[in-house]
Structures are given as structure tokens and as C-alpha cells.
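**Student:** Position chain B against the provided structure of chain A, taking the given hints into account.
As they're listed, the protein sequences go chains A and B. To get our numbering, take the position in the first sequence, counting from 1, and add 2. To get our numbering, take the position in the second sequence, counting from 1, and add 619.
For the record, the hints were derived by calculation from the structure and aren't laboratory data. Glycine is no exception: its CB is placed at the ideal position from the N, C-alpha and C atoms. Wrong hints could be hidden among the right ones.
What the hints assert, rightly or not - For lysine-lysine, the following DSS-like pairs were computed, each having C-alpha atoms within a straight-line distance of at most 30 Å:
# : chain 1 : residue 1 : chain 2 : residue 2
1 : A       : K32       : A       : K95
2 : A       : K170      : B       : K949
3 : A       : K32       : B       : K949
4 : A       : K64       : B       : K1200
5 : B       : K869      : A       : K64
6 : A       : K95       : A       : K123
7 : A       : K71       : B       : K949
Claimed, not checked - Some chain B residues judged to face chain A by a derived CB distance under 10 Å, without partners named:
#  : residue
8  : L757
9  : T761
10 : Y822
11 : P944
12 : R1151
13 : C1154
Below, each chain spelled out in residue letters.
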Amino acid sequence: MSKQEYNITAYTENQVGLLNRLAIIFSRRKINIESLNTSPSEIEGIHRFNIVVHESEEVVRKIARQMEKQVEVLKVYFNPNEEVIWQEMALYKVPTDVIAERALVERLLREHGARVVLIRKDYTVFETTGHREETDKLLAVLHPYGLIEFVRSARIAIIKTSQGFHHKLREFERQQPGEEVSENEFLGRRDKVFSM
Amino acid sequence: MFPNPQLQSAPASPEALAAPQVSGAVALLQGLVAEGVDTIFGYPGGAIIPIYDALYDFQEQLTHVLVRHEQGGIHAAQGYARASGRVGVVFATSGPGATNLVTGLADAQIDSTPLVCITGQVFAHLLGTDAFQETDILNITTPVTKWNHQITDARDIPAALAKAFYIARSGRPGPVLLDITKNAQLQLFEHAGYEPCTHIRSYRPRPVVRPEYVQRAAELINQAQRPLVLWGQGVLLGQAEAEFREFIEKSGIPAAWTILGAGALPTGHPLNVGMLGMHGNYGPNVLTNECDVLVAIGMRFDDRVTGRLDKYARQAQVIHLDIDPTEIDKNVTATVPVWGDCKETLPLLTQLVAARQHPAWRQRFRDHDAEEVAAVIQDELFPTQDELTMGEVIHQLNELTQGEAIIVTDVGQHQMVACRYARLNHPRLSITSGGLGTMGFALPAAIGARYGAPHRTVVAVIGDGGIQMTIQELGTIMQTGIEVKILLLNNQFLGMVRQWQELFHERRYSAVEIASPDYVTVANGYGIAARRVDCRPDLQPALHQMLEHPGSFLLEVRVTRENNIFPMVPQGCGVGEIRLK
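Chain A on its own, in the form it takes in the complex:
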């Protein structure tokens, strides 16, 4: 099965040690995590992981199930790139004198959707968000101007078809699993079979 980028989205309890418990699911299978972001979700007390891996669908499905099996994981989704909207943020620190003298700053900002975060006498910090190619492009442009420092964030992704997690959580909080909890309506749709 061919490999491609998958975006794994996990909703979890906010628990010490859970990051390790999830990370070893990947490392045990010698799978590299390309990008990892974890932050509080829109629901208080629940964290959201965004993990990017380059793997086959079969491997990613098995990993997602292993993650969901962990006691403190509520729900795991996985999607190829076309099923998510995703962004990475990048910060660029360049010498102010060089950039002011030699670069067409205004054009730079317009063409790359960048903005200036900080201007000091000695350096200036630009920021942009976008896909990897877009942040890379600005990096290439700024390199000749004596780039001092560069940092890129992990990827965050929103699932296009998602209805949000609130209704799911209400189901999780019910004492007993209700009949309506499962969403696997059709035989053979394997990605839905094990949904809660």
C-alpha cells in the first residue's frame, strides 16, 4: 500500500504521561512522527493532538486504533491531506539594516502573506502561516539577507467534514453506552466499524 501524509487527530484527557504512552505506539513500530502538536481543545479539560506521519493507510488505521485503546484517549481520527485544512506557522529573524536597505520589504510581505511581528534596531521578526512550501519559499527569499534564526511550528489541522466534538463528548459522559452511540451504519465500511 502506498504511503502518504496522514493527519491524526486525537482527543484526550489532560494527563501526565499520556504523551509518552502515545509516542511509544509510534516508536515501537519504528514510525517517525513528522510533526506533533498538542494543545487544549475547544472543550475544557480535553486536549487535542495533531500528529503527522508518512505511512500507508493500513498502518495508520492500526495506529489510530492502538491510540484509541489507551484508557485516557477519547477519540482518534485520521485523514489524508485532502480531507483537512492545515497550517504551519513560521517565524523569521533577519538583520534590520540589511533588510531595510536591500529587500523590498513591502513586496515580500504582500507576496508571502507575511507580517512583521517585531522591529528592533538590530533585527526584525517576520511571521507567516501556510503549507510547508509556502513557509519554505519565504525562507529561501530571506536567506540572502542574512537570516539569523528561523523556527517553524508543528502542523495544526481541521477536519473538513467534522461536526465537532461536543456531541461525541456528551455520549462519552453518559454512564451506559446508548444504542445511538455507534455510527457504523453500513457493513463493510471498516473505518466506521469501531467508531464509538
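**Tutor:** Chain B only, in chain A's frame:
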């Protein structure tokens, strides 16, 4: 930052226990009692002293078994859990005490054994400082526990303990570790009372059964001409032996077992067609590749069961009943996945399947059995050579126990022989280290099994390699007076590795000759009666003596040195390529 332990140490007198304030240690023990725990296997040390101090006042309710090594303690708890169906409980101190549990945790994790392990930990203010006997046991044990948690505040102990028991025994069971810092053990707090845990919002141990999948499974079974059932420990863990038997008897489907599933259907049942896997029976292995519908129940298609996957049951439609969704489609793709507790799904399936007999198909198994008897079993159980075989020892043991004893096995050749030939009339009579293959498991596990099933004779079948890994637990037997029958099959080799070196490495015997102490003297040194036999006329009387002896007994049987275990599916081969010699 932390209360002075001298000022806050737990009151030891019973009157003081009635006070509203209790220590974390006392709350822990109250919780254990509330969970129905009667036996703890453990070993004290610095960081768990407050819990042991509190235990002093709980001697009426809680039996503490002092083992000789923490690995022995956790294997004993595994034996207890497997024999009784309850949660095994272990105490160990921080640092080396805790790391000595790791092998047992890995064993329990892969064999789905419910355990709650309590480890002491250094004071919370010392965490991360490389304090004396501090290890990061949480991170060390994360891959080998179903759940683990560190407690640094006594007020969290009751809820964490309740959660630990709930997680350990629900869904697919497994080991849980609670690491409690010494300050939390000592800390006094107002204890409102222990409340068992019945719900964790992020944890779904009981999947909702989808009837349409059961329906689809029943349709496949009803159309099948050559169906085969493979069952595993899930039937036992789900306490679904009766439901399983009803399903088998109505559907008339021949059923084969994984090593951990042994005993869910009695050995002598006409639809029990034997053991699966590398050293399993000939019929079920060969016919796995001829059946048209494979019904897997509470088993996980381990590589020792399937052999080479691309040569495994390619012709069959697969129905897979399991409570753990990660097992479905993991190794073998299921045509129909039935996700659920087999205690629930099996009766639904039984309702829908037609009553059938499959006489011609079942005859195929009997034909293959006859081949296996002629090629392997006859010589193994009724040898004509002078030297004793492992098979005849187990056969003679069967004659005496009549399938009513618990057989605990270690790992290696003797394990395969014992599991292949032991007669089991009831569930939970076979206890072995299946997934991890932990040598040294049997002796401590047998001790635990006897605590878990005190009305049963417990026979530990062990090789000369395995017994030397945990032989120190003879001291536990000596001190507790617990009655365990130790049947030591001594071939003076690490036999299974030797067999592989003979068959696949041109008899280049590398590090497989193992010397033994005089086991009779060793046992006697521990105050345990013992005997050695090496000839046929002595065998049955000696087995009889072992079983009838009041108390523990070690019987060493010198068996032939270079016997091989057959049938065998060589590694890298398909189950259809199983060899009889």
C-alpha cells in the same frame, strides 16, 4: 512543602483507625479490602514501609505472601489471577523492587492478566533528583501496562485505586501499576469512604454489540461446508465457557484452541479437535488451510498460531469475535468483525446458527489424529526405548489427576508437551506464559495458583532451565507451607533451543548444555520433600507419592536428553507445511 513524616505518620493502634483521619497507606489497604482482595504477593523496602506498617493492622483481612524476589511476586499474582479469575495484587518497593516487576508486567500485558501492582516511590520532593532507590517506574512500565499512575497526594489514593481495579479487570484485562510516593503513604487526610469505579468517560470496556454483524456471521456459518472454530483465552476471560459450549454443540463445528484458551472446552469433548500452532495438533493446523469459514473467538492470531501469514487460511472467510478492536484485522483480515464481549455475542450467534453435525468434515480431523498418533503420540506416550519421555510423564500424571488438577507450566519443550497432553476437565486448569514465553514463570505462578484455588491440586511442570531462574521461590513455599507439587522434567539441556540448533543450525549446540544442582538436596534444604526417578517402573509410584504427600513435593524426572517436539510448523512456513518428524 511536604508534611513532616515524623509528625504525620500513621497511627498504628486499632482505636486510632476509627478516627476520621487516615493515612494514605491505611486508605489503600481499606480500598483493597473493599475490592475483595484477600491475598497480596510482595516484598517490602524503604519506600513502601508505611504501607507495610499499616498492613500490620490488616492481618485478619489480608494475607501477605512474602516472596523471595519481586519477579516471583508478580508471577505468583498472575498465577493467582489466572486460577481464580480475580485481580492479582502485588506490593514492591521503589527502584530495584519496582524494576523487578517489569518482566511480569510484560507477561501479564501480553496474556491479558488482571493485576494491580502497588510500588512505593521516594518522597515527592525527591522525584527527579536521582534519590536513593528512585527509578522512573512510570515511564519504564508504560509500554507494559494497560494503565499506570503516580500518586503524590494521599487524597488521590482511593479514587486512583478504584480506577486501577476497574481498568485491570474490565474489557480486555491487563496489568495496572500505581506508584505511590512515601509522603502520600504517610499523609493523613479525611477519608470519606471507598467508592468503586464503574465509569471512565474516555474508556469503553464494553462495546455495544451490532446485531447486523452477528447476523452476517451467522449467515456465513450457515452456508459453510467446512467451518472451523479457533478459540483463545477470551472465552475464559469473558467467563463465557457455557455460552461457548452451547454455540459449539449446536453448530457442530470442530473447535481448536490456542495455548491460553486450553480448558474452555474439556479435553475430551468430541468437538475439541486439539491445539493450534507451531507445536499444536496436526489436524487443526492442516485443516486451517482447507476450511471455508474460520470462526476466531477471543484469540489474536499470534505468529506462533498462524505461521507464515501469506500462507494462512487464504481460502477461508474469517469471522472474528473479539472485545479488543485493535486485534481485529491486525494480523488476519476479518470478513465479518464481531466486536464485543463474547459472553454477549456468542448467545446471539447461537440463536441464529443452524443445528448441524458436519460428520464428513469432522472425520477429516479424526483421520489426521490417527496419523499424528502413529507418527508422534504413540512413541511419546508409550515409548519402547529405555529412557523416559516427557510425554509419558504427563500421560501418567493424567491417569492420577484425572484432569482435575491445575497444571502450571514454564516455557520450553516441557511446556509444549504438557499443554499438548495434559487432560483438563474444567476451565482455568492450565496456567502458562503464552505470549511472552517467560522462563521462570511456573514455580511462582504455581504458588499463586494454589492461593487462588486452594481446593485444587496444583502441579508445576518445569524444565531444568526454567526452575533455575526462580528457584529461590522454594523459600516462599518453605515459609508459607503452601502446597505445590513440582514436577521437574530434567533433560540436562535447554531443550527447545537445542531442538532448533539440531534442526536448523546443523547441531551446533551453542550454550544449551545446562548443569543442575542436586535438586533433591536443594529441596530438602528448603524443607521440601523430594525424589528423583529415572526409570519407568519408578515413575508411577513416584507421581503417586508426589500427589499423595501432605505438603509440597519436588519430583525430578530424568528424561531422555535429545527428544524433539513434533509436530512442528517451522518458522517461516505455513501451517499446511507442519512436519510430523
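**Student:** Checking against the hints above, which ones are violated?
**Tutor:** Violated: hints 1, 4, 5, 12 and 13.
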